[in-house]
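Chemist: If you want the building blocks of each chain, they are given just below.
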Amino acid sequence: MDFGLTDDQRDIQRTARDLLAGRATPARVREHAEARRSDEALWKELCELGWPGIAIAEEYGGQGLGQIELSILCEELGRSLAPVPFLASAMAATVIQQDGSAEQRARWLPGLASGETIGALGAIADGTAELVTSGGEADVFVLIDEDGSGRIVSRAQADVFPVEAIDPTRSAARVSVAGDAGEAIGDGSACAGLGRALVSVSSELVGICDRALEMTVEYVKDRKQFGVPVGSYQAVSHRCAQMLLDTEKARSTAAFAAWTADADPEQLAEAAAMAKAAASDAGREVTASAIQAHGGIGFTWEADVHWLYKRAQIDAVLLGGAGSHRAQLAAILARRAGTPVG
Amino acid sequence: MDLTFSEKEIAFRDELRGWLAGNPPAPEPGEGGEDAHYAWRRDWQRRLYDAGWAAPAWPAEYGGRGASLTESAIYFEEIGRARVPMAANVLGLLLGGPTLMVWGSDEQKERYLAPILSAEEIWCQGFSEPDAGSDLASLKTRAVKDGDEWVVTGQKVWTSGAQYSKWCMLVARSDNEAAKHKGLTYFLMDMEQDAVQVRPLRQITGEAEFNELFIEEARIPDANVVGGVGNGWKVALTTLMNERAGLGFALQIRLRQLLDDLLAKAAGRGLLEDPRIADALAELHVRCESIRLLAWKGLTDVERYGQPGPEGSLVKWLWSDTNQRLTQLAIDIVGAEALTAGESWSYELLRGRGNTIEGGTTEVLKNIIAERVLGLPRLKAVA
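Going down the list, the protein sequences come from chains W and H.
Under the working numbering, the residue at position 33 of the first sequence is numbered 33, and the numbers go up by one with no gaps.
Add 1000 to a position in the second sequence, counting from 1, and you land on the number used in the working numbering.
The hints are simulated quantities; they were obtained by calculation from the structure and are not laboratory data.
Don't be surprised by glycine CBs; every beta carbon is placed ideally from N, CA and C.
There may be inaccurate statements among the hints.
[To be verified] Once the Cα atoms are required to be at most 25 angstroms apart in a straight line, the calculated SDA-like pairs of lysine to any residue come out as:
no., chain 1, residue 1, chain 2, residue 2
1, H, K1109, H, V1229
2, W, K224, H, K1265
3, H, K1380, W, G227
4, W, K221, H, R1372
5, W, K224, H, K1380
6, H, K1234, H, G1080
7, H, K1265, W, K221
[Stated by the list, open to error] Derived coverage of chain H by chain W (criterion: at least 3 residues anywhere in the stretch with Cβ under 8 angstroms from a Cβ of chain W; other residues may be distant):
no., stretch
8, 1255 to 1267
9, 1270 to 1280
10, 1286 to 1294
11, 1313 to 1321
12, 1368 to 1379
When you get a sec, could you build the whole thing from the sequences and use the hints?
Modeler: Have a look at this one:
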């Protein structure tokens, strides 16, 4: 048993963190968020580095690495809040790669791997997908029906209405399609690739939590009231401890789910539901705590914690919130308990 | 990342699993109270000992198997899975023996280790005092040198198994002048002397797992000092570190079993259809899995980097809180009759209240996490 990353994976993590520390600085993220603009220069650079194709097979122009590597990038992009459509496009590509027909893979994956095509993933009900992340610039949509089946819809085949979501670091759109628009993914059965997509969002949430905790610890060490750093008060330090516990709960389950995706796919559905349940809760709690621990400053537009809170709110409901994933888990547990238990 | 066992580890697990299947403990005594129950666990340890399974983590030269940390964790998983009792001398096996292996003299290892393993001599732990709980280093039990003996006077509390014990791992103040942590010495005290009185401490479950020790001029030969005079704090930390590591792993497995029992109960009553119950159970499942993953991660970190980190405090905190939630939910699932005396869930509910206190209160764990993991400034103690 080994919970550590390999040397190669650590390299990816370090390279990504260093790059984003220089490119997606808080000031730059703020500039794009306030203008509600994607950072096209950064996206172009990430595409040149091959990031969008990290987990896409080499035959389609990707790097052919696994979910763990993809999750590393999602986590780092979450930490930095980079205003790029990475997560949405990676999730769309994942589903097409896992569940699409050979023809669909050949048609869409090369563009998604190079970043020339931007994908987005949304859950659709009654012909409409609300709040599709990065839907503003997406060229192709993977829309998941309530029964888990999916279809691929090009932008031209859909009605795309831009929406101003609370997280201005990424675009959002409401996407409506006619009943027969686009084509069914694969044989039309439930998309197994959704499990991986859930892991990717969960990993991004882990990065957001990690950054929120880091900023909070820095702040409460520095901020003095009554002559001492506020972080020396247990009301504050115990809040920080709780933030760490929530973050580690999310991190451990997300890491496990990422591992199952390639090493033990039979466990993926359950592990992904666990990861998303833990990460959705942690994302909300930890970023809310970050605002609280920053005091009045945390409530101002000028402080950067609110961007984390807003991104976490969107991610927490993306592909189902904690409650819906716990309901899924309960169903799995019920099936298991249904086998002879005395 | 590789969350699978090696071939060697699987072979270890299969051998143990096979042995446990073929060698169940004697039936649990229905009457005779705690004494009969303890005798049963002592007999069970003897069986484990005869087959070489009492303490696989001990080095072969002391009668163990030199099992790796992972194998040792597998051992506790299998012991838990087979639902056999804990060995009677758990404190000697997990805390006393390993502490002696680090700090004991050759003579001490020679004299004490074998009878720990065979359950011939039971060990208990005399650390906490009425006025020294979380602030352990403020303990007041005094040890005064008298020729080649020490004369010890004081009071200890929360001493589990004291009534069955031959030896007590005792930390006492041997130097009043020295700084708080420096004046302590770690002794092995013979419990079989009149100067040591054991009084059972009845807890909220009604049973007496723990005791108070009243020590009035007990005699301890100088040869029973462990790790040197004035070095007691360091030796005690070795004991406490083993407490977190070994016991911690066994506890998360026990939690899993309780959750599985509760799930079966809920399913049997059709309560998994109730969204509120289903949601609460699913959350417990997520927590249980997270505890398992964090416990394994902590363990493999030790294998890779040596010492366990302060992150172990997270596991203990999450475990204790989860066990309390679980036992409280059990009352809702089983119904009011779960609250009648003698019901196992009522026992679990009450016993669970101790979880966030014993082995480091949740409040102290949060302090440790804040200061040692997050690097937050320490709160200044009020003089």
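Chemist: Could you run down the list of hints and mark each one as holding or not?
Modeler: Checked hints:
Taking the CA atoms of K1109 of chain H and V1229 of chain H, the gap is about 18 angstroms. The hint holds against a cut of 25 angstroms. A C-alpha spacing of about 52 angstroms is found between K224 of chain W and K1265 of chain H, which places the hinted pair above 25 angstroms, so the restraint is violated. With a CA separation close to 12 angstroms, the supplied pair K1380 of chain H and G227 of chain W stays within the 25 angstroms bound. About 14 angstroms separates the Cα atoms of K221 of chain W and R1372 of chain H, which keeps this hinted pair within 25 angstroms; it holds.
For the hint linking K224 of chain W to K1380 of chain H, the alpha-carbon distance of about 14 angstroms falls within 25 angstroms, and the restraint holds. Taking the CA atoms of K1234 of chain H and G1080 of chain H, the gap is about 31 angstroms. The hint is violated against a cut of 25 angstroms. A threshold of 25 angstroms between alpha carbons decides the hint, and for K1265 of chain H with K221 of chain W the separation of about 48 angstroms lies outside it, so the pair is violated. Residues of the stretch 1255 to 1267 of chain H lying with their CB closer than 8 angstroms to a CB of chain W number 4, which satisfies the three-residue condition for coverage.
Coverage of a stretch by a chain is defined here by at least three residues with a beta carbon nearer than 8 angstroms to that chain's beta carbons; for the stretch 1270 to 1280 of chain H and chain W the count is 4, and the condition holds. Check result for the stretch 1286 to 1294 of chain H against chain W: holds, 6 residues qualifying (beta carbon to beta carbon below 8 angstroms, three or more required). Given as covered by chain W, the stretch 1313 to 1321 of chain H passes the check, having 3 residues with a CB less than 8 angstroms from a CB of that chain where 3 are the minimum. For the stretch 1368 to 1379 of chain H, the stated coverage by chain W holds: 10 residues have a C-beta nearer than 8 angstroms to a C-beta of that chain, and at least 3 were required.
Checked against the numbered hints given earlier, this structure breaks hints 2, 6, 7; the rest are met.
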